[in-house]
Amino acid sequence: MARPKKRFQQLVDEIDRTPWGPAEQALVAEAVALAVEIGDEQLEYQARMRQTASANMNGATDVMLNSFAWCLARHDADPQRFPADLDYGGADLMWQFKWMASALRSSPAFSVEQIAAVLDDMESHYRTAGLGLSGVLTARFEDAWDAGRLDDAESLRVRLEATPRDEHSHCDACGRSQFAGFFAETDRDAEAIRLVEEMLEGGFSCGEEPEHALSRVLLPYLRAGRVDEAKSAHLRSYRLAKDNPDNLRIVANNIVFAAVTGNEARALSLVERHIAWLAHDGLNVDAHFAALAAFAFALDRVADAGHGDTPVRGAESPALAPFFGQHDGSWTASELAAAAWATAERIGADFDHRDGTDGHARSLARIRALAGEHYEVPIRSDAFITTADAATPSDADAWFDRVMDLAQFGAEHETLQALPHALAVDDPAKLAQLMSMRLGILIALDRAAEALELLPARIDALRAAGMHEQADLEQRLGLATFGLNTPEAAAALEHELQASDALPAWSRGDLAISRASLHMHAEEPDAALDLAELAARAFAEAEDSRLANTTTLVAIAAVLQKGDIEAASALLDRLLAQDDLSVGHRAQALQTRARVRGGTEAFADGAADADEACRLLAGLGATKALASAHLLAGALWEDAGDPEKAVTRYRVTSRLVAQEGGDLTGADFRLARAMLAAGDAHEAAELFGQVLEREEQAEVSAASRGMTASLLARALASSGEFGQAVGAFGYAAELFGEAEEHADHAVALTERARILARFDENDDAIESLEAASDIARKAPEAVGALVDVLHNLGQAYGARQDERAFALFDEVAALAQEHEAGWLLAEVTDSRGRAFAEFGRTDEAVAAALTAADGFAALGDAGSAGGSELFAARLLAGGERAGDAVPIYRSAIDHAEAHPPLRQVSALELGDVLEGLGRHVEAAEVRALLDS
4 MARPKKRFQQ
14 LVDEIDRTPW
24 GPAEQALVAE
34 AVALAVEIGD
44 EQLEYQARMR
54 QTASANMNGA
64 TDVMLNSFAW
74 CLARHDADPQ
84 RFPADLDYGG
94 ADLMWQFKWM
104 ASALRSSPAF
114 SVEQIAAVLD
124 DMESHYRTAG
134 LGLSGVLTAR
144 FEDAWDAGRL
154 DDAESLRVRL
164 EATPRDEHSH
174 CDACGRSQFA
184 GFFAETDRDA
194 EAIRLVEEML
204 EGGFSCGEEP
214 EHALSRVLLP
224 YLRAGRVDEA
234 KSAHLRSYRL
244 AKDNPDNLRI
254 VANNIVFAAV
264 TGNEARALSL
274 VERHIAWLAH
284 DGLNVDAHFA
294 ALAAFAFALD
304 RVADAGHGDT
314 PVRGAESPAL
324 APFFGQHDGS
334 WTASELAAAA
344 WATAERIGAD
354 FDHRDGTDGH
364 ARSLARIRAL
374 AGEHYEVPIR
384 SDAFITTADA
394 ATPSDADAWF
404 DRVMDLAQFG
414 AEHETLQALP
424 HALAVDDPAK
434 LAQLMSMRLG
444 ILIALDRAAE
454 ALELLPARID
464 ALRAAGMHEQ
474 ADLEQRLGLA
484 TFGLNTPEAA
494 AALEHELQAS
504 DALPAWSRGD
514 LAISRASLHM
524 HAEEPDAALD
534 LAELAARAFA
544 EAEDSRLANT
554 TTLVAIAAVL
564 QKGDIEAASA
574 LLDRLLAQDD
584 LSVGHRAQAL
594 QTRARVRGGT
604 EAFADGAADA
614 DEACRLLAGL
624 GATKALASAH
634 LLAGALWEDA
644 GDPEKAVTRY
654 RVTSRLVAQE
664 GGDLTGADFR
674 LARAMLAAGD
684 AHEAAELFGQ
694 VLEREEQAEV
704 SAASRGMTAS
714 LLARALASSG
724 EFGQAVGAFG
734 YAAELFGEAE
744 EHADHAVALT
754 ERARILARFD
764 ENDDAIESLE
774 AASDIARKAP
784 EAVGALVDVL
794 HNLGQAYGAR
804 QDERAFALFD
814 EVAALAQEHE
824 AGWLLAEVTD
834 SRGRAFAEFG
844 RTDEAVAAAL
854 TAADGFAALG
864 DAGSAGGSEL
874 FAARLLAGGE
884 RAGDAVPIYR
894 SAIDHAEAHP
904 PLRQVSALEL
914 GDVLEGLGRH
924 VEAAEVRALL
934 DS
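Residue numbers (the numbering used here): 4 to 935.
For the record, the hints were derived by calculation from the structure and aren't laboratory data. Note that beta-carbon positions come from the ideal geometry of N, C-alpha and C, so glycine has one too. Some hints here could point you the wrong way.
[To be verified] Computed Cβ-Cβ distance ranges for the label pairs, DEER-style: (1) Ala-810 <-> Glu-699: 39 to 45 Å; (2) Gln-907 <-> Arg-803: 27 to 33 Å; (3) Arg-618 <-> Asp-19: 55 to 61 Å; (4) Gln-13 <-> Asp-81: 25 to 31 Å; (5) Asp-331 <-> Gln-13: 48 to 54 Å; (6) Pro-86 <-> His-377: 24 to 30 Å; (7) Asp-331 <-> Gln-117: 37 to 43 Å; (8) Asp-19 <-> His-377: 44 to 50 Å; (9) Phe-725 <-> Lys-8: 40 to 46 Å; (10) Trp-826 <-> Ser-548: 40 to 46 Å; (11) Phe-725 <-> Arg-618: 55 to 61 Å; (12) His-377 <-> Val-115: 37 to 43 Å; (13) Asp-504 <-> Asp-666: 32 to 38 Å; (14) Arg-618 <-> His-524: 29 to 35 Å.
Please work from the sequences and hints to get the whole structure.
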């Protein structure tokens with residue numbers, strides 16, 4: 004039994020180190036099973052005590068109740084062998100008692116008598132153990148509040164506040180959060196906000212805090228007109244709560260906030276993201292009630308915004324049938340709202356019947372009353388996508404035109420979808436064209452066998468259209484003219500081309516363009532161009548402008564393959580100027596020109612082309628193609644330095660990809676990156692977190708996850724969530740290290756160090772920078788990363804009066820000179836001056852700062868020049884050399900003309916210096932600058 008017991012101890016140690024979640028739950032389950040197998044009840048007690056806590060935090064109420072009951076029975080039977088407190092840092096048995104009454108109260112399946120018995124048993128155990136009664140009063144307060152007995156709850160709250168705190172009282176975070184929720188429900192918003200802000204200012208936190216407390220004061224903040232605080236609280240609360248299904252109530256509060264603040268699209272997205280949580284904990288029915296009411300309210304707001312017919316993704320899951328009933332197909336927002344209200348009302352009635360109150364009915368009334376409230380708090384994480392709806396073709400001939408446009412663009416998926424509607428055309432020539440489109444797409448999709456079965460129908464259609472020579476040609480060639488890329492197909496086309504003089508012009512063109520396409524696949528652009536020219540002449544002779552334009556697009560592709568961007572641009576411009584260009588060809592040409600313009604850094608012009616292509620494709624109903632087109636437009640606007648426009652385009656991409664399938668993770672990554680660039684850091688952090696979660700589940704490469712984690716960290720830092728940012732940068736560094744991406748690894752550690760230094764965690768910051776320095780030297784080609792790390796480490800050493808700073812500054816300066824990086828050279832010279840000042844070497848510090856100022860000024864950076872001069876002047880003024888400081892202050896003021904804050908500080912300090920020198924008139928003149 005020695006080995007199993009050793010394994011048990013290893014499991015317990017690992018459980019105590021592992022955060023709440025699925026991994027920790029699995030370890031606990033393994034420990035319980037192993038203890039049972041060993042047959043040692045004391046070990047089982049250790050495991051089950053942890054299981055009770057784990058189940059409480061992870062929303063497994065049935066497991067929690069069973070585990071607690073087992074432990075309590077053992078403790079009551081033999082308190083010595085099964086002590087209430089195992090002294091491992093987790094909740095002891097008496098603390099866990101507080102969870103039990105709450106768990107029973109959360110389901111109407113348990114009677115009032117059963118709940119009262121648990122509360123009485125709890126008080127008896129506390130008294131027997133000689134414990135304070137704060138924990139008991141807390142449980143009784145929660146019971147009265149949840150049951151809707153508000154007068155009793157208020158009396159118990161007052162008693163609880165007057166009761167001395169003890170080791171079984173709620174912690175500083177949970178106690179404040181609980182009372183804040185009660186105050187908010189009883190119309191004492193100011194008191195609720197006060198308690199939550201006390202908690203935040205004190206840095207108090209716990210298992211579900213501060214996210215629960217923040218969610219409780221969202222509406223109070225709004226009613227107080229403090230919309231900025233409300234928005235910040237919502238984004239932080241949701242980000243902290245979104246990964247644990249036991250936080251269903253917290254998420255429900257955030258959904259209501261989104262719905263009442265004009266963010267209906269976000270509310271719908273949150274409903275879709277968390278609706279599956281209803282099935283997580285079958286006994287936590289009170290949380291189901293809160294969530295269903297929130298979902299119903301939010302979906303009503305979605306319908307009021309004109310989107311009641313929008314499908315609610317995930318609601319059709321069989322696991323949710325007990326909540327919404329059976330339903331054929333997807334639920335619309337309006338349908339699901341009605342079903343959610345009905346279920347919430349039924350559950351509420353069950354609770355009120357048990358409790359003998361109208362507490363849950365009042366809760367529903369409060370949330371329904373919010374229908375009359377609206378607050379404008381823009382959050383740009385989600386939006387309803389409004390693309391132009393394509394008009395449905397009225398008959399087979401109109402469908403034929405739609406198919407041709409879709410095929411000419413290259414929208415294979417949509418072409419195949421539309422084709423069946425057009426096959427009823429009367430014109431056999433049109434039918435032959437439709438068959439040609441179908442065969443070409445099947446070949447492109449590697450479905451050659453399927454295409455071969457359809458070839459006889461195509462040949463029959465050609466004969467019916469009187470095109471007997473083309474029918475005979477395709478009879479001989481098989482699938483060669485439809486893109487089949489085999490040596491045999493290429494040889495057959497060559498053979499027919501050599502003997503094609505007697506063929507009709509259209510057939511000669513078809514042969515030439517088919518062979519040209521195979522040359523393009525083989526990266527033989529010159530041969531493709533020769534044949535494209537031959538095809539163009541043939542189609543012109545046949546007076547087929549459609550295929551003549553197709554040939555021009557093939558020629559443009561060949562010119563681009565040759566790398567002749569100028570010639571390709573000219574061809575594209577001429578093609579787009581034509582009046583006979585179809586919608587499909589125009590969209591394809593625009594998209595090609597957008598890419599070409601992007602390649603030549605004409606990003607805004609390229610983005611405008613991509614936007615126009617999007618408009619045309621929307622009119623054709625080409626949804627998959629439209630997603631890609633918006634992705635291109637977003638990328639070009641991003642490169643053009645207009646992240647606002649990029650966000651709009653990427654958002655359409657994400658929504659379409661979610662509907663049609665595709666790389667949603669990649670689309671959302673781009674959207675989050677653009678959001679961050681546009682200044683929407685909170686929203687970006689939320690989306691980066693989702694992207695990283697998907698990447699973890701898909702087990703994508705460590706380097707890719709590292710990039711996402713790094714951007715998540717930047718978004719968190721920009722949101723003011725510095726503690727989480729430090730952790731995210733640390734995780735990014737681990738991932739980059741695993742991938743042996745040395746430069747990125749070093750950068751992540753450097754960014755982490757910057758934040759640590761900002762909060763005076765200087766030892767940890769230097770440790771991080773030293774590690775980064777060692778790693779950056781493994782990638783000497785990444786000069787930017789190397790100088791950034793070395794420069795930051797030098798600055799950190801300088802602040803500590805560590806002589807190693809100067810060797811690092813020398814190294815950075817040498818790299819700056821080697822790579823002709825004048826601004827960097829000036830910056831590191833300024834850093835050297837500041838380090839000299841830390842050592843008390845004033846003359847060297849002043850000289851270095853003035854040299855840096857000259858360097859900045861020579862590069863046109865007057866603001867940085869003024870900053871270096873201000874530093875030098877301060878050193879002189881503080882070292883009893885005020886007279887020497889005066890001209891340097893004046894120079895700083897001159898350089899700061901375009902930088903008002905720097906100008907004002909410099910003028911204010913110079914005025915004081917002149918006053919001290921007795922130069923009162925000059926001091927007055929300088930101070931006059933403060934008013935100018």
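Hint check results:
| no. | hint | result |
| --- | --- | --- |
| 1 | Ala-810 <-> Glu-699: 39 to 45 Å | holds, 41 Å |
| 2 | Gln-907 <-> Arg-803: 27 to 33 Å | holds, 32 Å |
| 3 | Arg-618 <-> Asp-19: 55 to 61 Å | holds, 59 Å |
| 4 | Gln-13 <-> Asp-81: 25 to 31 Å | holds, 27 Å |
| 5 | Asp-331 <-> Gln-13: 48 to 54 Å | holds, 52 Å |
| 6 | Pro-86 <-> His-377: 24 to 30 Å | violated, 56 Å |
| 7 | Asp-331 <-> Gln-117: 37 to 43 Å | holds, 40 Å |
| 8 | Asp-19 <-> His-377: 44 to 50 Å | holds, 48 Å |
| 9 | Phe-725 <-> Lys-8: 40 to 46 Å | holds, 44 Å |
| 10 | Trp-826 <-> Ser-548: 40 to 46 Å | violated, 56 Å |
| 11 | Phe-725 <-> Arg-618: 55 to 61 Å | violated, 43 Å |
| 12 | His-377 <-> Val-115: 37 to 43 Å | holds, 39 Å |
| 13 | Asp-504 <-> Asp-666: 32 to 38 Å | violated, 49 Å |
| 14 | Arg-618 <-> His-524: 29 to 35 Å | holds, 31 Å |
Checked against the numbered hints above, the structure violates hints 6, 10, 11 and 13; every other hint is satisfied.
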